[in-house]
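Mind docking these for me? Both chains are given alone in their own frames, and the hints should help you get the complex.
Here's the letter readout for the chains.
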Amino acid sequence: MEKSSSSSSSRSLEVTIISAENLRKNHRSIKKNAFVTLETDPNNSQSTSMADSIGGSYPSWNEKFELTLPYNLRYIRLEVKCKTATGVKTIGSVNIPISDLLEDFIPPSCLHHLSYRLRERDGDRNGIINLSIRMKGADSYVPRPSPYMRVQTGYKINSNACRSMPMLPTGIRQTAYNNTGGIAMGIPVSKGYGLVL
Amino acid sequence: MGNCCSDNNGGGWSAVGGSHNNILTPGATVNETVDFFLKSRGYQGLFAQIELSFSATNLRDRDVLSKSDPMLVFYSKGRDGKLEELGRTEVILNSLNPVWITKYVITYQFEVVQNLVFHVYDVDTQFHNVPVKMLKLDEQQFLGESSCALSEIVTKPTRTLTQSLVSREEFNRLDRPQGRGELTVRAEECIGSKTMTEMILRCSDIEYKDLFSKSDPFLVISKIVESGDPIPVCKTEVIKNDLNPTWKPLCLNIQQVGSKDSPLLIECFNFNSNGRHDLIGEVQKSLGDLEKLQHNEQGENLFLPTVVGHNYQNKVLKSRLFVDKFSESVQNTFLDYIAGGCELSFMVAIDFTASNGNSRLPDSLHYIDPSGRPNAYQKAILEVGEVLQFYDTDKRFPAWGFGARPIDGPVSHCFNLNGSNYQCEVEGIQGIMTAYASALRNVSLAGPTLFGPVISNASIIASQALANNQQKYFVLLIITDGVITDLQETKDALVKASDLPLSILIVGVGGADFKEMEVLDADKGERLESTAGRIASRDIVQFVPFRDVQSGEFLIVQSLLAELPLQFLTYMRRRNIHPLN
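Taken in sequence, the protein lines are chains A and B.
Letter by letter, the first sequence follows residues 1 to 197 of full-length UniProt numbering.
Letter by letter, the second sequence follows residues 1 to 581 of full-length UniProt numbering.
If you're looking for bench data, these hints aren't it; they were derived computationally from the structure.
Since the model is a prediction, treat every value here as computed from it, not as a measurement.
Do not rely on the hints blindly, as some may be mistaken.
To be verified - Below are the EDC-like pairs computed for lysine to aspartate or glutamate, each with C-alpha atoms no more than 16 Å apart in a straight line:
1) K285(B) <-> E300(B)
2) K209(B) <-> D242(B)
3) K31(A) <-> D242(B)
4) K32(A) <-> D242(B)
5) K260(B) <-> D336(B)
6) K260(B) <-> D210(B)
What the hints assert, rightly or not - Residues of chain B clear of chain A, computed beta-carbon distances all greater than 10 Å:
7) R88
8) Q114
9) M134
10) K156
11) N301
12) H310
13) L317
14) R396
15) M433
16) S459
17) I460
18) S463
19) L466
20) D499
21) S537
What the hints assert, rightly or not - Just a few of them, taken from the derived set where beta-carbon distance is under 7 Å, the chain A residues facing chain B:
22) Y71
23) Y75
24) I98
25) L102
26) P107
27) H112
28) H113
29) S115
30) R117
Heads up, the beta-carbon is just placed ideally off N, CA and C, and yes, glycines get one too.
Isolated chain B, as found in the complex (with noise of 0.2 Å):
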């Protein structure tokens, strides 16, 4: 896909950008428009424009005469530990409990740690006609520094972080030694992004454009943009030998237009399966204006730009545009629910099979490198939890074991991986990493690789929690080095954990062909099946392999955990569950 008005998908017959075929339930339509708006411009997840604004409390004061003059540096920190400067607040004067104005706009992405630093200057008196886009920071005082990641400011309830200040040297200690004062950092969701506006056109008295039946039509909304070019926002899906077609319904984001009085182009094609489609007739009207349609029971004649002579003129045709529903909404986006306290619960389950190889051996999937290298296990976990950690305040996370024999027993297809007998919790994301080595040791690995019991226990503590009116969305990460024994059973159980706050991760690592994964993964195939015919409500798995890839293993975890804000929404959407306060 791509391009919103492009006619590769489905041979430009259905609707893009606007309404959607695949409709569960009428108020999942709106969330599978953003998805798809989003996707087309290449936001493979959730994004939402975060709006920062600083202040800082009894700062040092550095100056001989007066109070200091303070500026605010922001920094984001990449994985690399390099600093890239965002931007700078202004200077304010003689102040020591300052108020920046300025303000930045970062772009939140759920599935990475996006981690900031910011630095507080004093900037002296002779360089206060100097831009401070142009200060050298190095001639400035420096007054302290702070850090943190953007997932630590928006889980709080205020969305409001404040840590003290520190020094250079200080920075690296635990112990951290007041007296620098105290930097606060706002973050709030830009409204914008949540308003969406639902719509039904309408056309009368379309006139033939076909030689022997009637028109084919379908309309193009596009936004016109400062230098007059229309960009096309959505497309409806084409009626066929219809002159007074009605659409389907389109959603449309208010940011997506611009503003509500922005002018909207809307034309109106006669579809042709060679791509070049006539262009029947089109009018322009704002978001507002055609509210006001709809209001009053009008109809807007469209009209026709045509040659006569030298000029343009426009002819006013019979056919009218009519609007028959509109309404606004505004959608409570995934940051609204972390914010009202809603918890993301990490679970995690790892393969013990034997297909992994003797875990002494260095070739072994679960060999534990004496360096300190982690192996691809440990990767997994590591990367997927540095993400989710934040959004789970107890940090207590269920870990589990399966596909080995605990020593003289059975084969067991779950067993905690921390050794107890009862309590499968174990302690941060350290704490899975030393169960992880404590269970190597203690276990034989075997087979075969089921997955249903481990999904089970998952959905278990998923409806605990869901009936008890917590609430709380569970994401299970099962990472696996092969293929599925049981895969009816692994579907049976996904369709009815279809129903429960969980999604479901899986991580293929090492080099088994994963092709049933992608089967379980449904945005890439038919929804889920059971055997009872029971079909999954929703998706609820991605899967990723992870092999083969010796840098690019963030980009792989960005897109594992990509998905996880929509299927969250989905699910917080169609049981129309609100945020908490």
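The shape of chain A in the complex, shown without the other chains (with noise of 0.2 Å):
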């Protein structure tokens, strides 16, 4: 998906696993025990801590992970679950693109704070988690535009309101990212306003 140069290998993610608001088990909100399993596949994960009952159904960790990142993942997989008396059980679970980081706004070596929606098994909504994320040794990464990026344009002047020049696209502005190694910007391809500018 992304063009990389090929010293790609020592790229890796912080991943903070902040806290999770208003899980549910069996349409109950959870008491205490708690945790999180991060994996970029499924021979890689790491866990967080059980989380006490202080904040119940609206547990924090704050536990900061360091995640190497293999050139070609395409997103990191996030599972909620909570251990009771009968075992462990998955809350919810989410897939998080790296394109989230990639195609933001702020280059991905920024921190980012994100929260996404929990989906349970049969693809229930389920509570929300919080997380920052920042990518290290990605600087010799081209980061594609937002498709929301758009050409900018001006109108024309003219105050008798004749016929005159068409407006004309003045090209892709100039991104966040021009700082972080003066990377041209592509054209963006994907669907949003494209076709209707």
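So this is what it looks like as structure tokens:
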């Protein structure tokens, strides 16, 4: 998806699992012992500690993880689980697309505060998870512009309102990334407003 | 909501004034607590107590045998131009460079332009035994006057504003002659409002109060005022079925309780759904005492006032109160950031869709009245701009239009209002007004109403400041007459923008149904969710309809701006950004 330089092996993600909100199990708010597992692939997972009962169904962890980032990784998987008397139950999970970092308005190396909806196995909505992510060693990365980054135009001033030159697009705006190494931007190709303009 | 101790909030189970359920980050707790506290007292937005102190230099000498005896009278100036006296300083004898001791504490409100006027008088010797309040000002010698907005003072890095004094006749002239001296006004934020304490309270061995189960305890903390009556300050959540409960962290503002040594009444109740909660026990401690309890890891026995014969007696209970955590922190305030040099940058986007009506006809929302009476769009720009311009030093504002067809072109959903192909910025509020009028003459109104492109352009500008490590916060004002067509795309753009130093104010003009706008304003519903399941990390939208109001627009703009300082602080604290200097 993204064109990257070859020296991408050193890239890693610094993920801080901050907190979760309104966690439910069988439609009832959970009390304690919630924890989060992060995995980049099934053989590579890490977990937070178990939250105590102070937060109840709004647990907070504030635990930081370092994940090495394989080049072709598309998303990180987070699962919120809860330890009960009958074993560990999964409350909800979310796949966080790496593109949310790469295609954001701010460079991947900046701290991103992100929140995601958790889904149960059957797709039902559960609570929300709050985390922050920063990409390390990402400076050589070419970010893709957001689909919303649009051509900006003026209009031709014409006081007697007769026919005049058509409005001309003036090219793609420079984006926030140009300080990370002066990389030229591509033309956004995805859906959105491309056709409307 | 309203009364801190009322049980209409989630059936009474949730905490009020203290900790809060909707915790984004632990750091945000404090902030939300403060918000709630302020809101529960009718303060919608940010307010801060500012102490003004005054001095003057090189005053004119009016007395023959001695120097002037100056006194300062200060007024607030209403929107109708009327002066209302706020107070007077003492008379300083024989001085042309007086430093007055009298201070004035004023409540700073971000969302209002608070105009102040200062008059300096020379008080004649014959009046020196008269209390200053009783002095008739027309019998005194007028030395000069000056005026400013409170926001002009607080945005100065030194929080000090020095202005030349002028005579009444010169007051409205631009070329103000010198020679009447200078007045200096200094604004300082009262420190008490910045210190927060955070505590974790726990009780042990609570008595059974319910017949068939354990008690459902919660705490109410009240301050005891001089009359002896307790005033509830906050209450914890109810913990069900627990005789050894630990409540969520409580945050108290020192100013909220008076001082660290003010006695607080801590009452433990058993929750009863009919509202008649049974008192389990109580204890009286100041914040300082609670800190000692935490330090010594000691518990304090609760007692229960009981009637014995004709007397009240305090029955000491086995139940004890513990403080598991006690911390104090000084929070940076909105004004700390502003005085530190953080700027609020103002941006405007105007709806040029056809539903506004042909701008040449008087019934159009875009009709420019030759008599100069501003239309709804102009009013919104003027009133929001009037407040925000003080916080933007270069006063160059990006201004866009959307939903119109520039001559012969396709419909554009974000064009530069000034017609330039390169530069979206205009000079000052007047620049926005000029560009708006010029755009009306040069584009043809079309549709549909899309917000996504405008929000994205604002996001790009905001992200550039963030990436360049500039301390700036952006405010985009969108004025629209209609229902948006791209609700989901707008939500997606807002979710992405929620991580940027950006707030969006939406003003709805005209008579359309603005139900969907309310959805965007997260404080009226759920947090915004994008198609991909990403959720806005904070609320950045404030929506206000600007219609059916003849005289009260002023208040509308206030309610629009009121949330801004809190959105600003949530952003700064979340990112752990501290004021410059």
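Hint check:
1. Distance check on the hinted pair: K285(B) and E300(B) sit about 10 Å apart at the alpha-carbon level, within 16 Å; holds.
2. For the proposed pair K209(B) and D242(B), the alpha carbon gap of about 11 Å is at most 16 Å, so the pair holds.
3. With a C-alpha separation of about 13 Å, the suggested pairing of K31(A) with D242(B) holds against the 16 Å cut-off.
4. Proposed proximity of K32(A) and D242(B) is supported: the alpha carbons are some 15 Å apart, at most 16 Å.
5. The straight-line distance between the Cα atoms of K260(B) and D336(B) is roughly 23 Å, outside the 16 Å bound, and the hint therefore fails.
6. Between K260(B) and D210(B) the CA atoms are separated by roughly 35 Å; this puts the pair beyond 16 Å, and the hint is violated.
7. Every beta carbon of chain A lies more than 10 Å from that of R88(B), the smallest distance being close to 50 Å; the non-interface claim holds.
8. Non-interface status of Q114(B) relative to chain A is upheld: no Cβ of that chain comes within 10 Å, the nearest being about 34 Å off.
9. For M134(B), the condition that its CB be more than 10 Å from all CB atoms of chain A holds, with the nearest at approximately 59 Å.
10. Residue placement check: K156(B) keeps its beta carbon more than 10 Å from all beta carbons of chain A (closest about 30 Å).
11. The claim that N301(B) is not at the interface with chain A holds, since no C-beta of that chain comes within 10 Å of its own (minimum 24 Å).
12. With 10 Å as the threshold on Cβ separation, the claim that H310(B) sits away from chain A holds: the shortest Cβ distance comes to roughly 45 Å.
13. Listed as a non-interface residue, L317(B) keeps its Cβ farther than 10 Å from every Cβ of chain A; the least gap is roughly 24 Å.
14. A cut-off of 10 Å between C-beta atoms confirms that R396(B) is not in contact with chain A; the least separation is 16 Å.
15. No beta-carbon of chain A is positioned within 10 Å of the beta-carbon of M433(B); the least distance is around 16 Å.
16. Separation of S459(B) from chain A is inadequate, the least Cβ-Cβ distance of about 5 Å not exceeding the 10 Å criterion.
17. The Cβ of I460(B) does not lie farther than 10 Å from every Cβ of chain A; its closest approach is about 6 Å, which violates its non-interface assignment.
18. Here S463(B) does not stay apart from chain A, with its beta-carbon only about 4 Å from theirs, under the 10 Å limit.
19. Not every CB of chain A is more than 10 Å from the CB of L466(B) (nearest about 6 Å), against its label as outside the interface.
20. Against the 10 Å criterion, D499(B) falls within the reach of chain A, whose nearest CB is about 5 Å from its own CB.
21. The Cβ of S537(B) sits about 5 Å from the closest Cβ of chain A, inside the 10 Å cut-off, so the non-interface label is violated.
22. At its closest, the beta carbon of Y71(A) sits 22 Å from a beta carbon of chain B; the interface hint therefore is violated under the 7 Å criterion.
23. At a threshold of 7 Å, the smallest CB-CB gap from Y75(A) to chain B is about 11 Å, leaving the interface hint violated.
24. Taking 7 Å as the C-beta cut-off, the interface hint given for I98(A) is violated, the closest approach to chain B being about 13 Å.
25. For L102(A), the interface hint is violated, the least distance from its beta-carbon to any beta-carbon of chain B being 13 Å, above 7 Å.
26. Because the beta carbon of P107(A) sits about 6 Å from the nearest beta carbon in chain B, less than 7 Å, this interface hint is met.
27. The criterion of a C-beta within 7 Å of any C-beta in chain B is met by H112(A), whose closest approach is roughly 6 Å, and the hint holds.
28. Given hint, H113(A) at the interface with chain B, holds; its Cβ is 5 Å from that chain's nearest Cβ, closer than 7 Å.
29. At about 4 Å, the closest approach between the beta carbon of S115(A) and any beta carbon in chain B falls short of 7 Å, and the interface hint on this residue holds.
30. A hinted interface residue such as R117(A) counts as satisfied when its beta carbon comes closer than 7 Å to some beta carbon of chain B; here the least separation is about 5 Å, so the hint holds.
Hint check: violations occur at hints 5, 6, 16, 17, 18, 19, 20, 21, 22, 23, 24, 25; the rest are consistent with the structure.
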